[in-house]
Amino acid sequence: METSIWRALLYLVGVMVFAGLNAAYLGWCERKGAGRIQRRIGPCEVGYAGLLQPIADGVKLLSKQLLVPRGVDHIIFRTTPVMAMIPAMTSMVAIPFSANIQARAVELSVLLLFALASIGMMAILLGGWASGNKYAIISSARAVSQNLAYEIPMLVTVITVVLLTGSLELKEIALKQQGGFWHWNVFRLENGHFLTMWISFIIFFICSVAETNRAPFDMAEAESELVAGYMTEYSSMGFGLFMMGEYLNIVVGACLTTTLFLGGWDCPFGLTPGVWWFLLKIYILIFTFIWIRWTYPRTQIYRLLNLSWKILIPFSFANLLITAALIKVF
Amino acid sequence: MSIPLHLRSDEVFVLNLGPQHPATHGVLRVKLTMDGEYIVKAEPVLGYIHRMHEKMAEGGTFAQFMPNTARMDYLHALAFNHGWALVVEKAAGIEVPERAEYIRVITVELNRIASHLLWWAAFLLDLGGFTPLLYAFDDREKILDLLERITGSRLTYCYMRFGGVLNDIDDEFITGTREFIKRLRSRLPRQYHDLVTHNIILIKRIKDIGFVSAEQCRRYGATGPVARGSGISYDVRKNEPYSVYPEFDFEVPVFSEGDSMARYMVRMHEIEQSMRIIEQALDKLPSGPVMGKAPKLLKPDAGYYFSAVETARGLLGHRLVCDGDKNPYKLKLRSPTFSNLSLFGEVAEGMLLADALAFMGSLDLVIPEIDR
Numbered sequence: 001m002e003t004s005i006w007r008a009l010l011y012l013v014g015v016m017v018f019a020g021l022n023a024a025y026l027g028w029c030e031r032k033g034a035g036r037i038q039r040r041i042g043p044c045e046v047g048y049a050g051l052l053q054p055i056a057d058g059v060k061l062l063s064k065q066l067l068v069p070r071g072v073d074h075i076i077f078r079t080t081p082v083m084a085m086i087p088a089m090t091s092m093v094a095i096p097f098s099a100n101i102q103a104r105a106v107e108l109s110v111l112l113l114f115a116l117a118s119i120g121m122m123a124i125l126l127g128g129w130a131s132g133n134k135y136a137i138i139s140s141a142r143a144v145s146q147n148l149a150y151e152i153p154m155l156v157t158v159i160t161v162v163l164l165t166g167s168l169e170l171k172e173i174a175l176k177q178q179g180g181f182w183h184w185n186v187f188r189l190e191n192g193h194f195l196t197m198w199i200s201f202i203i204f205f206i207c208s209v210a211e212t213n214r215a216p217f218d219m220a221e222a223e224s225e226l227v228a229g230y231m232t233e234y235s236s237m238g239f240g241l242f243m244m245g246e247y248l249n250i251v252v253g254a255c256l257t258t259t260l261f262l263g264g265w266d267c268p269f270g271l272t273p274g275v276w277w278f279l280l281k282i283y284i285l286i287f288t289f290i291w292i293r294w295t296y297p298r299t300q301i302y303r304l305l306n307l308s309w310k311i312l313i314p315f316s317f318a319n320l321l322i323t324a325a326l327i328k329v330f
Numbered sequence: 001m002s003i004p005l006h007l008r009s010d011e012v013f014v015l016n017l018g019p020q021h022p023a024t025h026g027v028l029r030v031k032l033t034m035d036g037e038y039i040v041k042a043e044p045v046l047g048y049i050h051r052m053h054e055k056m057a058e059g060g061t062f063a064q065f066m067p068n069t070a071r072m073d074y075l076h077a078l079a080f081n082h083g084w085a086l087v088v089e090k091a092a093g094i095e096v097p098e099r100a101e102y103i104r105v106i107t108v109e110l111n112r113i114a115s116h117l118l119w120w121a122a123f124l125l126d127l128g129g130f131t132p133l134l135y136a137f138d139d140r141e142k143i144l145d146l147l148e149r150i151t152g153s154r155l156t157y158c159y160m161r162f163g164g165v166l167n168d169i170d171d172e173f174i175t176g177t178r179e180f181i182k183r184l185r186s187r188l189p190r191q192y193h194d195l196v197t198h199n200i201i202l203i204k205r206i207k208d209i210g211f212v213s214a215e216q217c218r219r220y221g222a223t224g225p226v227a228r229g230s231g232i233s234y235d236v237r238k239n240e241p242y243s244v245y246p247e248f249d250f251e252v253p254v255f256s257e258g259d260s261m262a263r264y265m266v267r268m269h270e271i272e273q274s275m276r277i278i279e280q281a282l283d284k285l286p287s288g289p290v291m292g293k294a295p296k297l298l299k300p301d302a303g304y305y306f307s308a309v310e311t312a313r314g315l316l317g318h319r320l321v322c323d324g325d326k327n328p329y330k331l332k333l334r335s336p337t338f339s340n341l342s343l344f345g346e347v348a349e350g351m352l353l354a355d356a357l358a359f360m361g362s363l364d365l366v367i368p369e370i371d372r
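Protein chains in written order, with the working numbering: chain A, 1 to 330; chain B, 1 to 372.
There may be inaccurate statements among the hints.
[To be verified] With beta-carbon atoms standing in for the labels, derived distance ranges:
#, chain 1, residue 1, chain 2, residue 2, range
1, B, Pro67, A, Tyr302, 26 to 32 Å
2, B, Glu215, A, Pro69, 42 to 48 Å
3, B, Asp145, A, Lys60, 30 to 36 Å
4, A, Lys60, B, Pro289, 54 to 60 Å
5, B, Arg154, A, Arg70, 39 to 45 Å
6, B, Glu215, A, Tyr302, 24 to 30 Å
7, B, Met52, A, Arg40, 38 to 44 Å
8, B, Thr197, A, Ile311, 22 to 28 Å
9, B, Asp170, A, Glu45, 45 to 51 Å
10, B, Val45, A, Gly14, 51 to 57 Å
11, B, Ser9, A, Ala324, 41 to 47 Å
In case anyone wonders, no lab produced these hints; they're calculated from the structure. All of these numbers come straight from a predicted model, not from anything done at the bench. Ideal placement from N, C-alpha and C gives every residue a C-beta, glycine not left out.
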């Protein structure tokens with residue numbers, strides 16, 4: 001079975017379906033969630049509880065003209081939306097959804113995911129630059145400085161997890177956390193790691209909010225300042241792909257957090273581990289993302305960078321040293 | 001002001017903020033000369049929604065101009081109604097019955113709360129918080145329902161008449177208003193202050209940002225919450241009282257910090273003061289007619305007349321020149337937002353784009369009132 005072509009095909013379809021459904025329906029979840037938070041009901045016209053809304057939106061976007069303004073860099077302008085979507089989709093390949101659901105067990109899957117996230121970043125940079133719009137360029141510059149600032153503490157906290165589990169493979173990392181929530185990296189009881197790991201988790205979570213350009217760190221698309229940021233000139237499915245890429249990045253971020261810190265597919269009480277626990281955890285995380293977005297106002301770009309360079313990076317390094325020391329001592 | 005010497009002209013770029021831009025709340029255009037994200041020079045460009053309201057006043061009778069007043073500051077339309085009614089009553093020597101004066105105060109103050117709530121919502125929207133908008137609109141809706149009952153419209157009121165008001169208020173309005181005040185009192189600390197005012201992100205965004213000095217306010221003629229946020233205790237309702245305002249016990253909130261937070265706090269406190277005024281007015285509400293004796297066609301004596309009222313945004317002056325005819329000879333409005341916006345260019349210099357937009361939001365601009 002391992003080498004069969006059917007396995008590859010099955011995973012290809014499975015990953016595409018999972019990614020496509022999430023990209024489309026997280027938009028619906030976000031609108032419903034925002035609606036409830038804001039004392040309204042959200043989409044309710046198209047289909048039962050507005051469930052067909054994403055499809056209607058997709059059809060609408062597809063039927064629109066992809067407007068390419070004069071003065072843009074044609075090739076880059078047209079390819080960047082694809083570049084925004086594909087890395088996020090590809091990341092799904094390396095994610096272990098359960099002990100036996102993983103498309104490809106890549107040995108350095110943690111590094112692979114970060115590399116792919118950086119390609120997604122390039123899409124924002126190039127898309128903004130190719131648009132030849134001043135708002136888009138400001139937005140791209142912001143997005144790049146933001147991602148640069150937040151990838152450092154994120155990777156440093158990932159090193160603490162790697163030190164703890166001794167592996168760069170996501171499945172390995174998840175397997176080391178089986179058997180109830182006290183084995184999860186975030187609460188790991190042995191050797192006093194719970195003293196520092198929750199800090200790692202918080203740093204990682206803040207960084208993943210910033211990495212996915214979500215409020216309150218959505219500097220790149222601050223609509224009251226930069227209109228629509230790097231997406232200003234995109235219409236039709238160009239815009240659609242950027243949106244879907246954004247939602248997929250959230251899913252990947254949630255998957256990564258779950259695998260690294262929350263025990264992957266492990267049940268908190270040591271019963272019936274499986275893919276459902278994994279899905280439950282990522283959707284709780286995603287709901288937290290939505291919740292944060294609709295509660296807080298946006299912060300400021302220089303405060304955002306200060307937070308990373310002056311607080312998160314020193315803390316994550318100190319955290320790394322303490323974790324390493326704990327491992328050495330015990 | 002020119003570009004600072006250390007910047008060559010090819011090191012800066014011009015960013016057109018507006019006339020259509022989500023943060024300008026209308027058709028205001030600001031020409032920004034930028035050095036990266038820093039503003040080197042900001043130049044508001046006006047006139048995109050100029051409709052010649054002052055000239056229109058000369059073309060019709062005095063009463064025919066009343067609907068126009070509501071189309072200028074559509075957020076505090078009743079204060080504009082009130083200002084126009086006051087100046088014409090002064091010119092024609094019309095007496096207003098006491099009950100009508102009380103009703104005017106009640107409706108104007110309700111409208112002021114609605115205006116401040118909408119400002120609050122839009123300001124938070126400028127800062128990227130979408131949810132507070134819906135909470136504020138929830139409360140504002142109640143005010144609009146109340147005002148709709150007695151004025152017949154929800155936004156562009158034409159409620160005041162020379163010598164009184166159009167409709168009397170009824171018991172349902174009175175109980176509804178009392179209920180609304182009770183509701184807003186209970187919601188202000190929780191939905192407004194706990195969720196937003198004490199939020200660390202908001203405090204960091206608006207505290208010590210957009211500093212306006214009292215000297216700048218005087219130089220540009222800024223009034224209203226902008227001046228009161230800079231330590232100038234000036235409110236037309238207190239300093240040059242009109243209508244029945246002297247009969248009420250209320251305070252003028254003054255904050256001396258001069259930053260966006262101070263202006264924010266002034267408006268939040270003004271909501272509370274307006275509620276106090278409304279409660280007192282409802283308690284003291286005299287009975288009697290709501291319309292005094294006024295001729296159908298007004299022909300005031302020739303002369304110069306002036307009235308000033310306090311709108312949600314500051315001092316509104318009506319300067320009326322009459323020549324004894326049935327039309328005004330000339331009308332000049334002194335609208336508050338025009339002066340408040342004039343500050344922007346000077347204060348925004350050297351600010352970051354995002355801070356400048358937060359500052360602009362804190363000025364509470366209503367563009368149709370600037371252009372008229």
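Hints, verified against the model:
Between Pro67 of chain B and Tyr302 of chain A the Cβ separation comes to about 47 Å, which falls outside the hinted range of 26 to 32 Å. Checked against the hint of 42 to 48 Å, the C-beta distance between Glu215 of chain B and Pro69 of chain A comes to roughly 46 Å, which is consistent with it. For Asp145 of chain B and Lys60 of chain A, the hinted distance range of 30 to 36 Å is satisfied, since their beta carbons lie about 34 Å from each other. Taking 54 to 60 Å as the suggested C-beta distance range, the pair Lys60 of chain A and Pro289 of chain B conforms, at roughly 58 Å.
Hint check: Arg154 of chain B to Arg70 of chain A, Cβ distance near 43 Å, so the stated range 39 to 45 Å holds. The beta-carbon spacing between Glu215 of chain B and Tyr302 of chain A, approximately 28 Å, falls within the hinted interval of 24 to 30 Å. Distance hint check: the CB atoms of Met52 of chain B and Arg40 of chain A are about 40 Å apart, consistent with the given range 38 to 44 Å. The hint said 22 to 28 Å for the Cβ distance between Thr197 of chain B and Ile311 of chain A, and at roughly 24 Å that hint holds.
Asp170 of chain B and Glu45 of chain A have their C-beta atoms about 38 Å apart, which leaves the hinted 45 to 51 Å range violated. For Val45 of chain B and Gly14 of chain A, the Cβ-Cβ distance of about 56 Å falls inside the hinted range of 51 to 57 Å, so the restraint holds. Evaluation of the 41 to 47 Å hint for Ser9 of chain B and Ala324 of chain A yields a failure: the beta carbon distance comes to about 53 Å.
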